[in-house]
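Q: Top to bottom, those sequences are chains A and B.
Each residue of the first sequence is one higher than the one before, starting from 1 at the first, in our numbering.
Each residue of the second sequence is one higher than the one before, starting from 265 at the first, in our numbering.
It should be emphasised that the hints constitute simulated quantities derived from the structure, not laboratory data.
Just so it is clear, the structure is predicted and the values come from calculations on it, not from any experiment.
Heads up, a few of these hints could be off.
Sample of chain A residues facing chain B (criterion: CB under 7 angstroms; computed from the structure) [as the list claims (entries may be wrong)]:
no.	residue
1	A72
2	S93
3	F100
4	E102
5	P107
6	P118
7	I121
8	V196
We put the CB at the ideal spot given by N, CA and C, even for glycine.
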Amino acid sequence: MSTSSETSVPATAPPPAAVAAPGAGLRFRGAVLGRPDAPVLHDVALDVRPGEILTVVGPSGCGKSTLLRTLAGLLAPLAGSVEQDGRPLTGPSADRALVFQEDALLPWRTLRGNVELPLAIQGVSRSARREQAGSWLARVGLGAQAKQLPHRVSGGQRQRAQLARALAGAPRAVLMDEPFGALDAQTRSGMQDLLVEVLRGTGATVVFVTHDVDEALFLGDRVALLAAGRVASVREVPRPRDRGALDDPARVALRRAVLSSLGT
Amino acid sequence: MTHRALRRYALRLASLVTALGLWQLLTGLDVDIWLRFSQFPTVTDVAHAFASRLTGSDYWTDLTDSLTRILSGFLLAAVLGVAAGVLVARSPLAEDLLGPVLEVVRPIPAIALVPVAILLFPSNEQGIVFITFTAAFFPVLVSTRHAVRALTPVWEEGVRTMGGGRWRILGSVVLPGALPGIFGGLSVGIGVSWICVISAEMISGQYGVGYRTWQDYTVVDYPGVFVGMVTIGVLGWVTSTAVELLGRRLTRWLPRTSYVPGGRPRTAVLPAPVPAPVPVVVKAQGESQDQSDAQQQGSGETDQEARDEHLV
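Using the sequences and the hints, build the whole thing.
A: Given below as structure tokens:
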């Protein structure tokens, strides 16, 4: 009896973190979001499909960050439900990594020390996490800066390190709050390319908040528009992803529609 | 050591020597112009007294007694002050329970607690450590509380979304992030601790630098009083420098401003334009550029050095 239960344990144990976990499906149903004294989004019904990149656009103060912080588990919905794979969220979890617009790297840790943090929290051994953090930094092009403190590198490099830190914990969803908002145009488009490349193969669901319509259309598989305290619409973006195809008629029409529904 | 650093050390030494020389002059000549230096021991008197004290055993007993008292009190204050500061800053319940008591006790000068210490503690020794502890506790508590409250929220939120719990946040965010502020409190605390340990020893000690200084005063041994004062000054300087250096070492990650008063980068001296063929002139300009860069870097390094050796 005891032997059979012993042999059955490995079979039912969750797969190791190295195996790419499928992306999480996230769902809002009739949700009211915001702080208790200041709700900003009402009647939110939104499905984020497993493995997709959903970009969220809207004017400043429309509740984009609130939506994301609710998904991260830092804010509880005021009404309705927010679920991951059919189960209501119960708070922050390593399943859903958050990438901030501002500097969220710990300034007293080197870039590698920062990327090691989620691994340390998951109990990965020192040597393994050093190696994994190093390889994540190399993937975002920071192999040479691993031992630098955050304030010694540029803003774009700090955001890359933040991305590496978010992905190092093997999350099933990555929530990004205008991560490239403070970067200059050239660095930003480089970061967008890098993001698409790095995400390939992780299978993680991505919710990417931005106020830049072109960024939303380039990155998103779908674009959700927030306006007047509601999710105004969700639109499919034509593929393949191509920065040069700006005159593609379907894309031009979508861009015009998005801009007009944002009231600009 | 660079030439500039040497010059600064020489200046400091000269300042100290001048002060001692002035003292010797005023007391040696028995100057009495409203201020009565004729009553004062001369520098040589004090030096002789110092030399004879150093060979006796009492001096070293006093020294180790005072050091033991201040280190026990100060370390206790550092640990409990940081703990209480973090607790009050992070927990509304702790703030409600501890806050009012702490705020009422805080304005009481530690030295005014001598009667309390005498009543409370069975031995003088414990009383003095208690006074020293109280003196350092509040600066540490207050600066820890402020530093913890001023932490950037995204640091903590980041760790929470990585699945980090309460202890992880404490160890990886709160304590390291508050360290610069905590060391501000520790620096103030060690200074106040010295004031209080010496005062407490003067009132109720047996042995200790403060006790000896007061004892010398009551038996009209003025050179002895000055030996005590010099000892207090040197010990205070050594301990606060130790705290300061430890603090710098632990907070080396802090970004430093490039601006240092008194360490202005000097403008590079450009070589005079040489009448020569064009390519050579271009090369000369390139070189002068490199040179000025090198000088800028060099002066930046000496600034860093100047800042680090400032205390030592």
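Q: Going by Cβ atoms only, is A:P118 closer than 7 angstroms to chain B?
A: holds (4 angstroms)
Q: Can A:P107 be said to touch chain B, with a Cβ gap under 7 angstroms?
A: Since chain B brings a Cβ to about 6 angstroms from A:P107, closer than 7 angstroms, the hint holds.
Q: Would the stated hint for A:S93 survive a check requiring a Cβ distance to chain B of less than 7 angstroms?
A: Holds, because the Cβ-Cβ distance from A:S93 to chain B comes to roughly 6 angstroms (cut-off 7 angstroms).
Q: Can we keep the A:F100 interface hint, with Cβ of chain B closer than 7 angstroms?
A: holds (5 angstroms)
Q: Have a go at the A:E102 hint: is there a Cβ in chain B nearer than 7 angstroms to its own Cβ?
A: Holds. Min distance 6 angstroms.
Q: May I ask you to test the interface hint for A:A72 with respect to chain B, counting a Cβ-Cβ separation under 7 angstroms as satisfied?
A: This hint holds: A:A72 lies near chain B, its Cβ roughly 5 angstroms from the closest one there, short of 7 angstroms.
Q: Does the nearest C-beta of chain B fall within a distance shorter than 7 angstroms of the C-beta of A:V196?
A: Cβ of A:V196 sits 22 angstroms from chain B, so the hint is violated.
Q: Checking hints one by one. Is A:I121 an interface residue toward chain B, by the C-beta closer than 7 angstroms rule?
A: Because about 5 angstroms separates A:I121 from the closest Cβ in chain B, which is inside the 7 angstroms limit, the hint holds.
The structure shown violates just one earlier hint, number 8.
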